[in-house]
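Number of protein chains: 2
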Amino acid sequence: MLKVGIVQHSFLEDVDTNRASNLTAIENLASEGAKLIVLSELHDSLYFCQTENVANFRYAEEIPSEFTEFYSQAAADNNVVLVTSMFERRAAGLYHNTALVFDTDGRLCGKYRKMHIPDDPGFYEKFYFTPGDIGFLPIETSLGKLGVLVCWDQWYPEAARLMALRGAEMLIYPTAIGWNPDDTDAERKRQRDAWITIQRSHAVANGVPVISVNRNGFEEDPSGQTSGIDFWGSSFVAGPQGEILYMAPENASAEVCVDVPLQHSENVRQWWPFLRDRRIDAYDDLTARYLD
Amino acid sequence: MLKVGIVQHSFLEDVDTNRASNLTAIENLASEGAKLIVLSELHDSLYFCQTENVANFRYAEEIPSEFTEFYSQAAADNNVVLVTSMFERRAAGLYHNTALVFDTDGRLCGKYRKMHIPDDPGFYEKFYFTPGDIGFLPIETSLGKLGVLVCWDQWYPEAARLMALRGAEMLIYPTAIGWNPDDTDAERKRQRDAWITIQRSHAVANGVPVISVNRNGFEEDPSGQTSGIDFWGSSFVAGPQGEILYMAPENASAEVCVDVPLQHSENVRQWWPFLRDRRIDAYDDLTARYLD
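Chains as they are written, first to last, in my numbering: chain A, 1 to 292; chain B, 1 to 292.
Each hint should be verified, as a subset may be incorrect.
[What the hints assert, rightly or not] In silico DSS-like pairs for lysine-lysine, Cα to Cα no more than 30 Å straight-line:
#, chain 1, residue 1, chain 2, residue 2
1, A, Lys111, A, Lys35
2, A, Lys189, B, Lys126
3, A, Lys189, B, Lys3
4, A, Lys35, A, Lys145
5, A, Lys111, A, Lys3
6, A, Lys3, B, Lys145
7, B, Lys3, B, Lys145
8, B, Lys3, B, Lys35
9, B, Lys126, B, Lys111
Note that these hints are calculated values from the structure, not bench results.
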């Protein structure tokens, strides 16, 4: 069993306040025995992508920076593997949405630069983030190979599969997703169910656990053009058959330890050996945009 | 709206009896207004793959054959597009698990030869079926392009994606899946949920409806080596957000018409434009068996 700590929080304008609150959660979960702790996407700030505003580039930090020092120290002090998410400044005019993983000794194990970047009203990420250029590479840690992906990646079976083919022992999605408050209850339900379903399916298709950590709470649209975003929480952990091991509430923060049975993956992949039967001779066209 | 008729049946040893029962269902559903009717996998026989027995090759038929004449006539007489599933004899010693689609005039629109072939205790399909060599090609009909896949294919996001990239307007899975009666209730639930989840995820990932038709009822293992298969029914239709539009019972046959809102796909793909953002520059390795 691997004890995984999940931090589902809402955030405020002030970065230091958010960091302090994340650190307290890390300390609490570590004291409960968590060995791996996962934060949500862009957990040091409000979700600033609701508008396209150059002033928001002030939230970006480099590697290394105060961000990496802070979370490296948090991992080391609490003896945990820590999955974090940052707005990375790589060069002037070149930014990424990047997940960083720190090991129990504070060492930066590796980074993942979000490959699939969304762009729709309220989620103007293509303005801020250059699509990742590292590819889908698991990050090696003292707890094994972590298939860390970010938010919009969760809709792509290709991303999950490539991580699994490269040996990822679990899939981890820091995310920031919510409802348009103007949507009907029925539409909200469809969207949240779709989000849960597609991520559970990555567990099923690949026989690995999935850990998805979202933020919760309402954040207004600074431009006033939309009704803001009601982040739907619902962070969850699924086992390698897609079975839900834990799900957080929609409307409240949650700091929870979840036991993940890693050994179960070996059994599941023997019972349902999907990797054995992939028709790799017939998959060439998956690299096409469209086939017409 | 497209009115889709689903035929979830249990079957008997006698082929003529099964055919007559399928025909009655087709007639009933057509009289209720169904324009597309989908039968389950290998709907003319018991699920003979519970054992490896050369005598079972007697169930195989050619194209054309009595099978094609019978279902061609059924489609034409009832003015429906009909999705059928057969044990195809292609040549001596060369057999496939093949779906055939007939149009409203009885014309054979096309065939799909099951690409992913399972093989585990009770499901010895690799003995009977050569993996398909046509690939993942939608079948053109008077109702549009149908992405017809079969059973084990349902576990592969690659198959669904390739159908969608080639313009499939819906995904259709004739299937034959059930429980080992020795499994615990908890394990049964996990398996059935995984099966529903992965197929719903294909709807989500591709923004198309999914129609999955299973058989129901218990069939014993002629060899006596296992406790047989309890086919779990649960045929279902999902909309393009993966939302369940209809689900059949686990333990009873069902002949049902379901309204499928095809126009909804256009909207869903605009809201969540997953096809727009696929990282086709980074998907080359999807054709690898494993990457280590």
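So, going through the hints one by one against the coordinates:
no., hint, result
1, A:Lys111 with A:Lys35, "holds (19 Å)"
2, A:Lys189 with B:Lys126, "violated (41 Å)"
3, A:Lys189 with B:Lys3, "holds (24 Å)"
4, A:Lys35 with A:Lys145, "holds (14 Å)"
5, A:Lys111 with A:Lys3, "holds (22 Å)"
6, A:Lys3 with B:Lys145, "violated (47 Å)"
7, B:Lys3 with B:Lys145, "holds (16 Å)"
8, B:Lys3 with B:Lys35, "holds (6 Å)"
9, B:Lys126 with B:Lys111, "holds (20 Å)"
The structure shown violates the earlier hints numbered 2 and 6.
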